[in-house]
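Engineer: Chain residues, written in single-letter form:
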Amino acid sequence: MSVKEIFDTMTYGPAPESSVEAMAWLHANAPFGHWIGGKFTAPGTTFASHNPATSETLAQITQGTTTDIDTAVTAAGRAQPKWAKLPGHKRAQYLYALARLVQKHSRLFATLETLDSGKPIREARDIDIPLVARHFYYHAGLAQLLDAEQPDMAPVGVCGAIIPWNFPLLMLAWKVAPALAAGNTIVLKPAEQTPLTALLFAQISREAGLPPGVLNIVTGDGATGAALVAHPDATKIAFTGSTDVGRKIRTATAGTGKALTLELGGKSPYIVFDDADIDSAVEGLVDAIWFNGGQVCCAGSRLLVQEGIAERFHTKLRARMNGLRVGDPMDKCIDMGAINSPEQLARITAMVDASGGEKYQTACPTGCYYPPTLITGLGSADALMQDEIFGPVLVSMTFRTPAEAVDLANNTRYGLAASIWSENINVALDIAPQIKAGVVWINGANMLDAAAPFGGVRESGFGREGGWDGLLAYLRPKAASKPLRSTLAVPAPTSPEVSGLDRTAKLYIGGKQARPDSGYATAIWSPNGKLLGHVGTGSRKDIRNAVEAAHAAKSWGKSSAHLRAQILYYIAENLSARADEFAARIKDMTGKSGVAEVEASIARLFTYAAWADKFDGAVKSVPLRSVALAMNEPCGVIGAICADEAPLLGLISLMAPTIAMGNTCVLVPSGAYPLAATDLYQVLDTSDLPGGVVNIVTGAHADLAKPLAAHMDVDAVWCFGAAELSGVVETAAAGNLKRTWVNDGRATDWALAEGREFLRAATQVKTIWVPYGA
Amino acid sequence: MQNHPPHARNPGIPLDLDWVASVQANTSAIERRAATLPGRRSIKKDFQAAWLCKAVSCIDLTTLSGDDTAGRVQRLCAKARQPVRADLLAALGMTGLTVGAVCVYHDMVATAVRALDGSGIPVAAVSTGFPAGLSPLHLRLAEIGESVAAGAREIDIVISRRHVLTQNWQALYDEMRAMRDACGDAHVKAILATGELGTLRNVARASLICMMAGADFIKTSTGKEPVNATLPVTLTMIRAIRDYQARTGVKVGYKPAGGISKAKDALVYLSMMRDELGLPWVQPDLFRFGASSLLGDIERQLEHHITGAYSAAHRHAIG
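Chains as they are written, first to last, in UniProt numbering: chain A, 1 to 774; chain B, 1 to 319.
Derived by calculation from the structure, the hints in this document are not laboratory data.
Take the hints with a grain of salt, since some may be wrong.
Stated by the list, open to error - If you want the ones that stay clear, here's a sample from chain A, every Cβ over 12 Å from chain B, calculated:
1. 371
2. 429
3. 472
4. 477
5. 526
6. 569
7. 573
8. 593
9. 633
10. 745
11. 774
To be verified - Computed Cβ-Cβ distance ranges for the label pairs, DEER-style:
12. A:312 with B:264: 31 to 37 Å
13. B:17 with A:358: 30 to 36 Å
14. B:18 with A:429: 24 to 30 Å
15. A:382 with B:293: 32 to 38 Å
16. B:14 with A:382: 39 to 45 Å
17. B:17 with A:380: 36 to 42 Å
18. A:410 with B:170: 27 to 33 Å
19. B:310 with A:55: 35 to 41 Å
20. B:293 with A:312: 47 to 53 Å
21. A:429 with B:170: 33 to 39 Å
22. B:315 with A:11: 26 to 32 Å
23. A:11 with B:18: 55 to 61 Å
Here a beta-carbon is modelled for each residue, glycine too, at the ideal position from N, C-alpha and C.
So here's chain B without its partners, still in its complex pose (with noise of 0.2 Å):
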């Protein structure tokens, strides 16, 4: 169901370090602003339901649990493909709403490249030693290679949150450039593990040196932090993305992860974008939302808009 051409790559810029240490990030604006959109847009009625069915698109339905197996991984695709009962559907008048991609680890990628055979859906697989991503560095790399081997199109590296912390941003640039080239054709999103890098001014940075070193998305988590997304983390990145745009022509994808279980949420992240990037960005190929539970509220929100009865989650099928 995509209304879009896919977007060209980004291929990266040579590390502009000039740039880098003019960006600022004053965080009790940021935080202003992020503040006050919510109260800014409402979505009501047909529109809500409308808006919703988008995020549906944009949900990178994900498992990446210790105990995930063959089969839990079987009933989520199923989900991906149905993610909003066929009659509900029918009752808004939308047709073949999938979700953006299934995300898991690898070991579960061929699993789940079987299990969409045929839907258009993509796998994502976390990468590079995903959570903490210190594994030896020709390991991350080997495993990339793996993960797109098994049918990956999409590959979600975490960076080396020390090279942000440390300040060692050749070092950073050089890793990001390094595993965008194991990925081949598969889409590299960039996970910052913003909840550890300790200022919204280290966040723009960390997501100006992964674009630079040609990151197709920069992600904000990888939902094993103690803080994972967040408005004013949101804001940052994509005033980030779209000082790239500006300055490359280039435009890159903002995934949200970890913490985004509302209906009411997804909202005023759409809204976010819409707002802060333009329309473009409010599309699965540029924005994706890393959640597992958030679906379940929309289903209910879906629901409830054509019944008018508030739902329950058990009307509606486990992912």
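So here's chain A without its partners, still in its complex pose (with noise of 0.2 Å):
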């Protein structure tokens, strides 16, 4: 084409970025083995690594074997202690001098990433490197302040990390970060598709003296990630990937102790409202659907507008679309570059494929490529409605009204990220704090900082990278603590004692006393023979009972902190009034004075009733003309084993958390010594709780752990049961992958189990950010 002829028809020509440099690193360095112990160990096993845009092979890579597994654990496993010891300021040396190496070799880390992972060169260059170097900047801070700033922590070990092949370096970051600034050692598997820019990471680590050992990287499929999983010496897993592999995780990883975070799926929606700057709505899907080709956990693929204008934000949309280039990634003048993978291909394909609706696509060249897609016409039934497609495909719904729009938005098993735009804060404001997310962008789509904690809620996993929040996930309580004991109830005695009127202890649901569905019933005998009362023996049809009355009572999220402190203070005043009665009956259950235990179960009530209002979110400093909130938000309804070895403190240090946070609660007491909390019923009757908030199901651990664990509408389930109890939690809880928080089978000191740990566990960071500009 001649200047003439381009100057008639104003035509964007080729712009490539070079190749040479990274094509050089490869050649000089493939094949690769893995990286362990601040080296490459011999190539293995090997498969090839791919450019999805060409197809043409970029390296060998080695398949990593239980065998390597192994060694890179023990490598880092060595490594930990000496590097948990360093002064914070020494690991932030280190975290600073990765973050300035990033920089120095941007260039060849991004053209790297999009030499095999087929995202345009635009991103790597401008998003996903820049945001490797301020991961750790900024997590070279956090290990600066983390000696004075969380004096009572301490590492959790080795880490072992399993990455996806979207952000690959990125998401190496995000686990590579947090793992070494609180004092950990870590040994990464990236995705088999992507691993090229974590070995230059590797290699490079060299150049900021990272000790050997520290950190460590591993190539290979699922199956090396598995054993990385299984090995006993990682003793917690960070996973970014799909919900599926998180769920296998979960179960994998139940009753082993290890601590474990997920951040898996997403269909998020993306809501427009009639009074929304529509052309930056429009605009602001190319950043939330287009972004990476659709590859995004966190991808606003649920377009959901006021119906009123959805005839015209469509038509705009489409035309929006027109306009997007679609091409080799390496091209710096394209907005779209390859799908990752053939593979990945060929899933977008067969589910666009098998859907209805009216579908328009864009033009985009042969090969591994998928065109910008709007599919309209569905409705929530439909499949690709609910699924996340993982591609460059949004799919469209109308609403009517604000509270419509939550509904739909919330109608999904996923939880990960939101926008919302609408130019009146009245609304944007309200709409915010009701969608199930754990990001909210106001007005916008897909900002990321490390400052601002980013995870999911429901089955979009749980956890949060970034900030504080997302550095406490690789720190453990310096406390140490013993192997639980286990306690057994009573058993009948050969003579019996039976006196007085006889009383028998219901379940309390909903506000009201409720007999067990079974019709059975459990004597409860004192150490001494004498019989106190029966306890209804629940199953799981009373837990389904209990949690639909939970549900019923979700405003309690709603009420204000200072109306729950007060209920709090209630309850404790009106439990002093009893004191005495309720020392006895701990003294008739155990065998032991109750005087002490009431006594600092009235104190806690008071802690969390002066927390209730105190336990405050945060404003944090992101480096966007943007307020980015950080929200302590009530998880919903939770579920609790309580302990047997306190059976009323147990009980209230993990009730009064839960209600001060605003969530409901269903409670299975002390199976052992389940009276004090049948007991505890007519207090919170007379204290103004309103029904359904606090629900107590009696009956043995073993049978309403697991239902309790496995419904699908509980959100959070904490155990402090028996030993074994752990495992069965975790495991059941995989099913809607609802957060956990179990005693691994150690015991608990209930005097001091209060506090921070607690209100975390209790609620879930919510970041909304709120960009602005007059």
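Assembly of the complex is requested from the two constituent chains, each provided in isolation within its own frame, with the hints serving as guidance.
Structural biologist: So this is what it looks like as structure tokens:
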């Protein structure tokens, strides 16, 4: 084309980024072994890493074996104590050096990332790599401040990290930076499709002087990842990837005592109200669903647009789609690159082909590409409204009112992110807290920063990455704990002593006493053979009823923190009035004095009454003109198996933080000593606590733990029961990937069991980004 | 060197206040789009040369100084006829490249018209009490008439910013209407002085009202405000143009003015026009740069493209 012809047609031409340096690095270093103990191992059985845009082989990569994982975890374990002993300032220096090195080698990282992943060079260069550097800088700061700010916390040990192929180096940074800052060492398995930048990072970590064994990279496929998850010395697993694999990891780690964070899939709503800046909302979708070809866990893939503007919005959107340039990811003049792999392309193609609706697609090259796609005319019941596609495919529906927008937005198993477009701050700030998601962007999409916690709810996983909240997932309390001793119910005596008027404790569901569905009762005996009473033998149906009641009481979460505090004080007051009676009951059941326990219970209620309006969120300092609000929201419905170690205090220690933070709960009291709990509901009844906020189901922990943990409408489950229940609960919780908090078979000192750890468990951080500008 | 026939003029429509009231402009989102566009569009080699030639063809070569004289204006007009050295154009295979127009004060119109005689290059006059627009309305309207009579084919008027700042949309509409009527057959460009309008939403609303009242072009700035053309303002205005076309079918032109001095900036503006509005808006009948120093940088870039060596200002004729 001559200059004159271009002048007349004003076409865009090719603007290729050079791959020369990246290819030279590959040629100099491939085939690759693993990075273990500060050096590359000899390559083993290898597989090819491809450039999806050209299908050319970039390098041979070693398939990690169980032995490789063991070698790496051993190297990490050997390096960990010394690394953890370094002053925070020293670790900060290493992380700072890594940040600087990422910046210094940014172009090599960016081109290599694009070659390996198919993402546009613009994104790798302008988004991924700068965020990587920012993450290391930020965590250098956390390392620096850690000793002073978290004096009671210790590193968890060796972290195993498994990361996906959509943001290869960025996800590495999200795992490596907090792990190392907290004093852990790490074994990271990059995705088999995109291992190259991780290997480059490993090599460059030498230039930071990182001690051998602190960072280990083992390449390979899912089998390698499974071996890492299964390794007994990997005490913390951090996974980003699909919900299906996340569920497998949850199941595999259940009962092992490993710490776990999961950042999984999503089907994030993108809500446009009729008072939005429509052109900006259309443009925002380019960032939401066509960023990285929609292969983004938090992609705004489900458009919900107010009915009155829907037609105009879709018209503008189709026009905008026509302007998207899809092509060679190394071209600096394209908007969307290649799909990450032929397998992913086939998956997207099959899902869209199988769907109904009106499909609008724009042009794209042949090869491993998929066109920007809009599907309208679908309903909630259509598969593509529910299932994550992980491609450049937007599905759209309309809504009529803000309330309906919320209902449709939350009509999903996922809960990662959401966008809300409105020029009315009243609307936006009303809707944001109502969306089930860990991240909400108001008038924006896909804003990410190291300071702003990121993570999901529901089947999008649990745990946060970024900020202090993220770092805490790589720390554990320093205080040592003892193994939990089992507590057995007092067996029926050979010569029972029965006296007084029969009193039958029932279950407490929805603010009312309820007979157990089973129709069975269990006798409770004192150690010296006195019949203390009967409790209902709760079953899975009672759990079902209790969870329903807990949901019916969800307006508790919207009541003011002041009111919740008042009610906690009132419970304390009424408990205090009956302190002697409760102390006697504890004495009767356990044979030990209950005076101190009742006193501690009253104090505990005061503690959380105090906390109710003081567990503040934060405004995060993000490098954008935006307020990033990190709000501590209630989890929803929390199920808790309460401890036998302290029949009253153990229950109050879980109930009080739960309801103080606005959750409702289903409590399964001590199986051996349940009567303190059944006495308590009379106290609750007289303390203005709305029915359904606290529900008490007595019965055998072994029978109730599983249905409670497996219940799809329970948002979090805690277990402080017998040692073997931790695994039961964690396994059952895999169904809807609810958050779990279990004692891992360790004893709890209930006299001291209060404070932020409990409050964090009772809440989840929602980060709400509010960019502003007059 | 016009490849496209001039578009039908904008007849305007009655003032539609419901439409005006519905206009939104989210500053942060607009800024994000503006900030990321340069990274999304890269124009290299022959494509860059061709696009820079296009930029030249869209320049309103401008002198608006108190010390303008006939001699100064004649020199500028000579540059307008031959904006790029003939040998460079020959090397590019380009012929007949001129700028879009020459833009001067009223008193220089006759001089410019004579100096450009036979070139086909129109003369644009800044008018209506430029740059503040605060002289009596009848004098401002009379000034338009005199400039048209002197041979100006384009009139760049300035709006009364106070009408925007006080949301007196009817007054803004009436004023624009009167000015358009005074222009007769001359095309009218409405200068919004966006740097003085306070918010992007005001920019969007003023853009819309000027189009409703019949502006053929909307233009950012006089070049005399503290902040002149910016990418966020551009995005806001051209989105208004797009909406106006969608509803009325009428294409209105856009002219960013002031502060665009680098060839690279010109490419970003052209790609924004192309991507947001489409190909008709990267032609001089619907797009102009109000710029004086931009041409010099483009000339240097074109010579660099041809020779491979970085150029120097003194190798190109002063405008």
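Engineer: Hint numbers the structure violates, sorted upward?
Structural biologist: Hints 11, 15, 18, 20 and 23 not satisfied by this model.
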